[in-house]
Structures are given as C-alpha cells and as structure tokens.
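Colleague: One letter stands for each residue in the lines below.
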Amino acid sequence: MPKITFPIGGVHPHDSKFAADRPIEVLPLPPVAYVSMAQHLGAPAKPVVAVGDAVKVGQVIAEPGGFISAFVHSPVSGTVKSIAPRKDLAGNMVPHIEIAVEGDEWAEGIDLSDTLVTAIPDDPAAIIEKIKACGIVGLGGATFPTHVKLAPPPGKKAECLILNGTECEPYLTSDYRIMLERPKEILIGAALMQKALGGCRAVVGIEENKPEAVKVMRAAIAELGLPQIEVAVLKKKYPQGGEKQLIAAVMRREVKSGALPIDAGAVVQNVGTSLAVYEAVQKNKPLITNVLTVTGKMLPAERQHNYLYRIGMPLSFIIEQAGGVPEGAVKLVSGGPMMGKAIANPDAATVKGSSSVLYLGAEDTVRKEATACIRCGRCADACPMGLEPFLLNRLCKAGDLEALEANAMQDCIECGCCIYSCPANIPLLDRFRIAKGQVIGAIRARAAAQKQ
Amino acid sequence: MEKLLISPSPHVRSGASTQKIMRDVLIALTPAELLAILVYGWSEILLLVVGVTACVLFEWAITKWMLGKPSTIGDLSAAVTGLLLVMNLPSSTPWWIAVIGALFAIGVAKMSFGGLGQNLFNPAIAARVFLLISFPQQMTDWTATPGFIHATDAISGATLLGVYGEGGMEALTAAGYPTNHRLFFDIGGSVGEISAGLLLLGFIYLLCRKVVKIWIPLSIIGTVALIAGIFYTVNPAVYTGAVFNIMSGGLLLGAFFMATDYVTSPMSAWGGVVYGIGIGVIVMMIRYFGSYPEGMSFAILIMNCAVPLINRAFHSRKYGRA
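One line per chain: the protein sequences are A and B, in this order.
Heads up: the first sequence runs through residues 327 to 778, numbered per the working numbering.
Heads up: the second sequence runs through residues 29 to 350, numbered per the working numbering.
I should point out that these hints are in silico values taken from the structure, not numbers from a laboratory.
Honestly, I wouldn't trust all of these hints.
What the hints assert, rightly or not - Estimated spans, in silico, between C-beta atoms of each pair: (1) Pro-537(A) <-> Leu-235(B): 46 to 56 Å; (2) Lys-31(B) <-> Arg-759(A): 15 to 25 Å; (3) Ile-394(A) <-> Ile-232(B): 52 to 62 Å.
Said to hold, decoys possible - Subject to a maximum C-alpha distance of 25 Å in a straight line, what follows is the list of computed PhoX-like cross-link-like pairs (lysine-lysine): (4) Lys-97(B) <-> Lys-561(A); (5) Lys-31(B) <-> Lys-694(A); (6) Lys-329(A) <-> Lys-238(B); (7) Lys-483(A) <-> Lys-521(A); (8) Lys-343(A) <-> Lys-762(A); (9) Lys-623(A) <-> Lys-31(B); (10) Lys-694(A) <-> Lys-346(B); (11) Lys-346(B) <-> Lys-723(A); (12) Lys-97(B) <-> Lys-694(A); (13) Lys-562(A) <-> Lys-241(B); (14) Lys-329(A) <-> Lys-510(A); (15) Lys-97(B) <-> Lys-238(B); (16) Lys-723(A) <-> Lys-97(B); (17) Lys-48(B) <-> Lys-667(A); (18) Lys-346(B) <-> Lys-762(A); (19) Lys-723(A) <-> Lys-31(B); (20) Lys-329(A) <-> Lys-561(A); (21) Lys-723(A) <-> Lys-762(A); (22) Lys-329(A) <-> Lys-346(B); (23) Lys-238(B) <-> Lys-561(A); (24) Lys-561(A) <-> Lys-92(B); (25) Lys-561(A) <-> Lys-541(A); (26) Lys-413(A) <-> Lys-667(A); (27) Lys-238(B) <-> Lys-562(A); (28) Lys-562(A) <-> Lys-31(B); (29) Lys-346(B) <-> Lys-413(A); (30) Lys-694(A) <-> Lys-48(B); (31) Lys-241(B) <-> Lys-582(A).
Please read all numbers here as calculations on a predicted model, not as lab measurements.
Ideal Cβ placement from N, Cα and C applies to all residues, glycine included.
Generate the whole structure from the sequences, applying the supplied hints.
Modeller: Spelled out as structure tokens, the structure:
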C-alpha cells in the first residue's frame with residue numbers, strides 16, 4: 327500500500343527516537359503528590375475533598391467545573407495536606423491538591439489484573455458516561471475532555487475514528503511503547519469509542535519510522551478479529567499528528583477554517599487516550615497513570631527511559647529517578663521539541679497530558695540572532711496550513727489586524743514549522759501567537775456585537 | 029545546572045542559514061567561473077578579485093559608517109552579488125569599471141533600499157545595466173583575453189546576437205550560424221556565458237540542495253523556446269531559432285541564477301511562472317524587435333518591478349479554505 331501523508335507543507339526533523347527500544351518501567355511512588363485542578367482543556371475542576379481527608383487511589387477528588395472540564399482522581403493513597411495554588415511547569419499559579427502518600431490502597435471496584443476484557447458493552451451512552459466518570463482527556467497534547475469529543479452535536483455524525491499513533495514529534499517514544507506493549511488494549515479502546523460514536527470505521531495512523539508498531543498493531547487486529555479497524559502507514563513528516571493534518575492524510579479531506587473535525591466526519595483520538603478508554607470502561611480504572619519518555623541526545627542508551635508514572639508526581643522526582651539532569655542540558659522540555667513547553671519550574675507536578683522530560687543541549691536549542699528576511703519562502707513551503715509566514719510577519723509588525731485576518735492568521739496551529747525552517751532565525755511564531763490571539767479576539771468581538 | 033533556558037516552542041531548528049544558502053550559490057557558480065579563468069586568464073582573475081572584494085568592502089563600509097549597523101558581510105550575499113556581477117562582464121572589462129559596478133550594485137541597488145531582503149532590483153543585474161549604459165564601448169568589447177588554455181581562434185568584435193542585431197539573419201549566417209553553439213564550451217560574450225553545461229550543472233546542484241525551485245527557469249526557457257520556435261517556423265529567413273536563443277546572450281545565466289534571486293522574484297510557485305513567462309516574452313521581443321541585442325538583463329529588471337503586484341495576485345493554497 328502506498329504511504330500517505332498530508333498535502334500542504336510540513337518539515338522533516340531528525341526523529342531522534344533514542345528511547346524507542348526501552349520498555350516501559352513503573353516508577354516508585356513519590357512521598358507527596360500534587361494534583362493539578364487544571365490538567366485538561368476547559369474550566370478547572372472543583373475539589374470535593376477537604377484538608378485532612380484520607381483518600382484512596384482512584385477516588386474522585388475533584389469534579390468538572392463546567393461543560394468542557396473533567397473529573398480528577400487521586401493518583402495515590404494518603405492524606406490531603408493542602409488545597410492551594412502551586413506553580414505549574416511554566417511558573418503559573420494553579421490550584422493543586424497536595425496528598426501525602428501513605429501505602430498504596432486502591433478504591434473499590436478497580437480491576438488491577440492483566441486479564442484482557444474484550445466484550446464491548448451494548449450501550450453507547452454508558453460507555454461515554456464511564457469515560458467521563460474516569461476523567462479521560464485527550465493525551466495527544468491538547469487534553470480535551472474525551473467524553474465531549476465522543477458526543478458530537480445533533481445532526482453531526484462521525485464517519486471515521488482516527489487513532490493517532492503517528493508520534494511525529496522527535497524524541498518522544500511513549501506512544502510507540504504502548505503500541506508495542508499494549509496493542510490489544512488500545513484496539514479494544516478504539517472499538518469502545520467506535521461503539522460510542524454509533525459505529526464508524528477506524529483507522530490507526532502510524533508513521534513509517536515505526537514498522538514494529540505497524541506489525542504488532544496489525545497482528546493484534548487480526549487476532550482480535552476487528553474488521554472495522556485498519557492500520558494506515560503514513561510518511562514521516564511533521565506535524566502529521568496535528569488533527570487537521572492527520573484527517574487530510576487519512577481521509578483526503580480538509581476541515582474547513584473555523585470548523586471542527588466532526589464537521590468533516592472525523593474524530594481523532596490519540597492511542598494513549600484509547601488505552602485510557604479501555605482501562606476506564608473495561609477495568610473501571612480512572613486516568614491516574616500515563617507513560618512519559620525521559621530522553622535527550624546527551625544521555626547514553628541505558629539512561630533513556632519510558633516510565634509509567636502516577637499523575638501528580640513532581641517532575642523533579644522523575645528526573646531524580648532517572649539519574650538527574652545530565653551534563654550539557656541547558657533546557658528542559660515537557661513534550662516534544664516542536665510543540666512542547668520549556669520547563670521553568672522542575673518542581674511542577676506531572677499532569678494527565680505529560681509526555682516527556684526532554685533534555686536539550688545548547689547547540690540544539692539556543693536561539694541565534696535574527697537577521698534580515700531574504701524572502702526565500704521556506705516558511706511558506708513548511709506551513710502545513712498553507713499560510714504565508716513571511717507576509718504575516720510583516721503584517722504583525724505593521725499591526726494590521728484586518729490584513730492578518732484576511733491572510734488567515736487565525737488558522738495558525740502553532741506547530742513551529744515556520745521558525746524551524748527560517749534561515750534568518752526570525753521569531754515568526756512568537757509574533758504569530760500574539761497576533762492570532764488578537765485576531766481571534768476581534769472575530770469574537772464582532773460576532774458578539776452582531777448578536778446584540 | 030543553575031539556570032534553565034526558557035523560550036517558546038519550537039525548541040529545535042533545521043540549521044538552515046542565509047550564509048549556507050549563499051555559500052551554495054557560490055559553489056554552484058564556481059565550475060563556470062573556473063572554466064572562465066582557464067580560458068580568459070589573468071585579466072579574469074583580476075576582475076574576479078576586484079569585483080568580489082569591492083562588493084564586500086562597500087557593504088562593510090556602508091553598514092559601518094553610513095548605517096551604523098552590525099556588518100552583514102558574513103551572510104555572503106555581497107560576495108554572491110560580486111561574483112554574479114563579474115560573470116556578467118566581458119573578460120576585457122577594465123578593473124575600475126568593475127569597482128564602479130560594485131558600488132552601484134551594493135550602494136544603490138541594495139543598501140539604499142534597506143539592504144538584503146529589501147531591494148526591488150537584482151543588484152548584479154542593475155549594476156550590469158548601469159554599466160552597459162554608462163560604458164557602452166567597454167561593456168560590448170568581446171575581445172577574448174589570453175587564457176591559460178588555447179581557446180580556438182580569438183574572437184573579436186560582436187557576439188552572434190550582436191551580429192544578428194546589426195546585420196540580421198544574413199550577417200548571422202555569414203558568421204557561422206547555426207552551428208556555432210556548443211553545450212560545454214563557448215567563448216565570446218560575458219564571462220558567465222562560457223559554458224551552458226556548467227551553468228546547468230550548478231543549477232542542478234542548487235535544485236538538489238533545495239536552494240531554488242525549477243519553476244522560474246523552466247517558464248523562462250519554455251517561453252523563449254515557444255516564441256522563438258513559432259517565429260522561426262514562420263520565417264526562418266528573418267528570425268533566429270529556439271536553441272540559439274536559449275544558449276546565447278546570458279539567458280541561462282540569467283534564468284538559473286539571477287531570475288531566481290529570492291528577494292526580487294515572486295514568493296509563490298504560480299507567481300514565479302507568471303514572472304518567468306514575462307521575462308521570456310520581454311527578452312524575445314527585445315531580441316527580435318528592440319535595439320539591444322541581448323535583452324536578458326532588461327527583461328529581468330522589468331519583471332522585478334512587477335513582483336510586488338504578482339505577490340498580491342498569487343497566494344499559497346490554504347488548508348480548509350478551498
């Protein structure tokens with residue numbers, strides 16, 4: 327079968343998957359866990375426990391704070407020490423529940439066995455309810471509450487569930503490891519979501535640099551006998567895992583500007599999310615663990631790790647377990663090198679969507695001084711949304727919001743391909759983030775004014 | 029580790045730089061220039077050293093003393109302009125004319141517009157046209173200077189396009205048309221016209237390195253071939269043919285290395301095609317009906333003026349906005 331990919335733009339960074347061959351290891355429990363109330367897209371969760379309460383693993387400790395929000399469960403057993411603002415990895419104050427760890431006592435009804443549960447429940451609503459109750463959010467980066475995505479608004483129907491196994495960010499290997507180690511759970515998770523969506527086909531998109539994962543997932547599909555699920559091999563190109571790009575690659579269809587994937591008949595979920603859905607629905611296990619990669623070019627093979635961590639574990643605890651910050655690392659990144667966030671506060675707690683601790687050396691990451699734009703057009707060639715960053719950059723400097731909107735500034739997905747490919751080191755995306763916010767603000771203000 | 033580096037994503041870069049791109053252009057031009065040195069000897073070496081040095085020095089001096097900005101000569105763009113300028117001169121050009129050309133290219137065409145990235149006209153071509161108008165005699169003296177290898181019989185006087193421009197087809201046939209052109213080695217004309225084959229080799233290098241795209245040269249050459257083909261078919265007694273026109277008068281040098289200049293060509297592929305067609309049409313009209321024999325420099329300069337408009341008309345295809 328010919329390899330497919332998205333049609334516009336994209337770049338080819340070295341994939342640097344140094345931790346690919348390292349099996350998932352379970353981290354020991356930390357002395358204290360800090361559970362953030364804002365670890366999903368949308369309204370922060372509201373704590374339902376009080377200081378001094380004893381909690382068990384998997385017990386609800388916070389409830390959704392709005393329609394787009396999610397339940398939060400205790401990742402550890404112990405005593406609630408405080409409910410107070412604490413710095414997240416960027417240094418912003420976010421409400422956290424601090425839990426002193428005592429033992430490892432799990433809440434009733436959570437199936438901790440390895441037994442594979444293949445029977446799919448009949449009732450779609452019950453599946454979605456379970457997913458909501460277990461606090462599942464998208465683990466591909468955006469942490470959008472999964473139950474919302476699985477319940478399309480009336481009149482809209484999912485034609486295809488796309489499982490994102492592209493892991494197109496360099497360095498990251500956690501999705502690859504779960505595809506190798508837990509393929510059947512991921513696929514049953516997909517089958518559950520297909521059921522929840524009212525029955526539709528499903529495609530697992532995997533990039534060509536992970537042939538093992540393609541093989542293992544195909545074998546698991548055959549073994550489980552899931553005729554509605556297939557694996558599509560994608561060319562290696564960043565940002566293949568971007569929702570819009572993946573839909574274009576797999577379905578040959580584009581999501582209209584300003585529309586949602588469901589408008590194109592697509593629902594995209596990460597393979598990690600699918601695994602979490604399996605654990606929630608089949609095993610009654612809330613989202614309290616995830617897999618992250620500890621990696622960096624300067625680390626020897628034995629210090630590359632894929633860890634199963636408890637959400638709320640401080641990053642500094644994980645760094646310590648992995649042998650400390652290596653010599654030569656000048657920047658710590660949570661997530662991939664293209665879209666991840668620089669860690670300003672290593673004491674920050676992990677969240678549901680944490681995917682890595684990435685160490686970058688000075689030669690890779692220190693920015694060079696910006697020079698004159700030579701109008702080479704590489705930014706426009708690289709932009710997967712077909713935007714013209716060289717033009718947007720000029721419009722940003724001129725502060726021309728109207729022209730920025732006319733040239734689709736609001737369509738920017740912040741993938742970073744423009745900065746990545748610029749030979750003049752112009753901070754294109756830095757400016758675009760600000761401009762995009764202003765343009766979207768102007769569009770919303772206009773819409774609000776029209777309503778009145 | 030004491031301090032953490034914090035900056036927004038992306039955290040890694042492709043490693044592309046202006047200097048690397050310009051270095052690739054220099055590398056691509058090297059084979060043809062080396063052959064020119066072999067054929068035209070010491071006078072070409074003198075022109076090369078003077079032309080490139082003057083361009084770099086003028087850029088350095090202007091940034092330092094007139095603009096008070098950090099020097100930009102490290103990006104090698106001034107060196108590229110210098111080399112292209114020299115390749116656009118006859119080998120017999122006096123060295124001081126090259127200095128004047130360098131001053132015009134860097135001082136007027138480039139720095140007065142705001143430096144690299146801001147200039148409307150390709151500096152080397154603007155300088156060549158300036159010199160052609162200011163020093164018509166020296167700029168059309170095609171006497172081949174003595175080289176290090178024997179290069180057929182020394183040609184003096186006009187180029188074949190010049191012969192055609194003066195005396196029409198009759199004179200051109202007397203000068204040996206159409207058998208006079210050879211792919212890898214051809215003297216008479218600007219230095220850079222010495223070898224169509226080596227220019228093509230350099231261009232293929234730039235294509236492989238993804239420094240330039242093929243659309244602009246392809247549409248220029250295609251348009252020239254089409255127009256010359258039609259005119260030649262209709263009246264071969266008056267009009268020169270496609271191969272002759274493509275191989276002469278710096279058309280390939282212009283199409284491969286000057287019309288593809290990032291700064292002065294359109295940003296989009298379709299814009300590039302329109303720009304290339306425009307150059308092809310203008311160059312053929314000048315050659316058939318104009319008073320200058322070559323026309324490539326004028327064609328590029330004229331189309332340079334149209335680039336801002338072309339950029340307004342042609343945009344990239346945007347995702348989800350079909």
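Colleague: If a hint holds in the structure, say so; if it does not, say that too.
Modeller: Cross-check of the supplied hints:
no., hint, in the structure
1, Pro-537(A) <-> Leu-235(B): 46 to 56 Å, "31 Å, violated"
2, Lys-31(B) <-> Arg-759(A): 15 to 25 Å, "24 Å, holds"
3, Ile-394(A) <-> Ile-232(B): 52 to 62 Å, "54 Å, holds"
4, Lys-97(B) <-> Lys-561(A), "45 Å, violated"
5, Lys-31(B) <-> Lys-694(A), "19 Å, holds"
6, Lys-329(A) <-> Lys-238(B), "23 Å, holds"
7, Lys-483(A) <-> Lys-521(A), "13 Å, holds"
8, Lys-343(A) <-> Lys-762(A), "32 Å, violated"
9, Lys-623(A) <-> Lys-31(B), "19 Å, holds"
10, Lys-694(A) <-> Lys-346(B), "30 Å, violated"
11, Lys-346(B) <-> Lys-723(A), "22 Å, holds"
12, Lys-97(B) <-> Lys-694(A), "17 Å, holds"
13, Lys-562(A) <-> Lys-241(B), "23 Å, holds"
14, Lys-329(A) <-> Lys-510(A), "24 Å, holds"
15, Lys-97(B) <-> Lys-238(B), "31 Å, violated"
16, Lys-723(A) <-> Lys-97(B), "20 Å, holds"
17, Lys-48(B) <-> Lys-667(A), "29 Å, violated"
18, Lys-346(B) <-> Lys-762(A), "16 Å, holds"
19, Lys-723(A) <-> Lys-31(B), "32 Å, violated"
20, Lys-329(A) <-> Lys-561(A), "6 Å, holds"
21, Lys-723(A) <-> Lys-762(A), "13 Å, holds"
22, Lys-329(A) <-> Lys-346(B), "23 Å, holds"
23, Lys-238(B) <-> Lys-561(A), "20 Å, holds"
24, Lys-561(A) <-> Lys-92(B), "48 Å, violated"
25, Lys-561(A) <-> Lys-541(A), "16 Å, holds"
26, Lys-413(A) <-> Lys-667(A), "14 Å, holds"
27, Lys-238(B) <-> Lys-562(A), "19 Å, holds"
28, Lys-562(A) <-> Lys-31(B), "35 Å, violated"
29, Lys-346(B) <-> Lys-413(A), "39 Å, violated"
30, Lys-694(A) <-> Lys-48(B), "14 Å, holds"
31, Lys-241(B) <-> Lys-582(A), "30 Å, violated"
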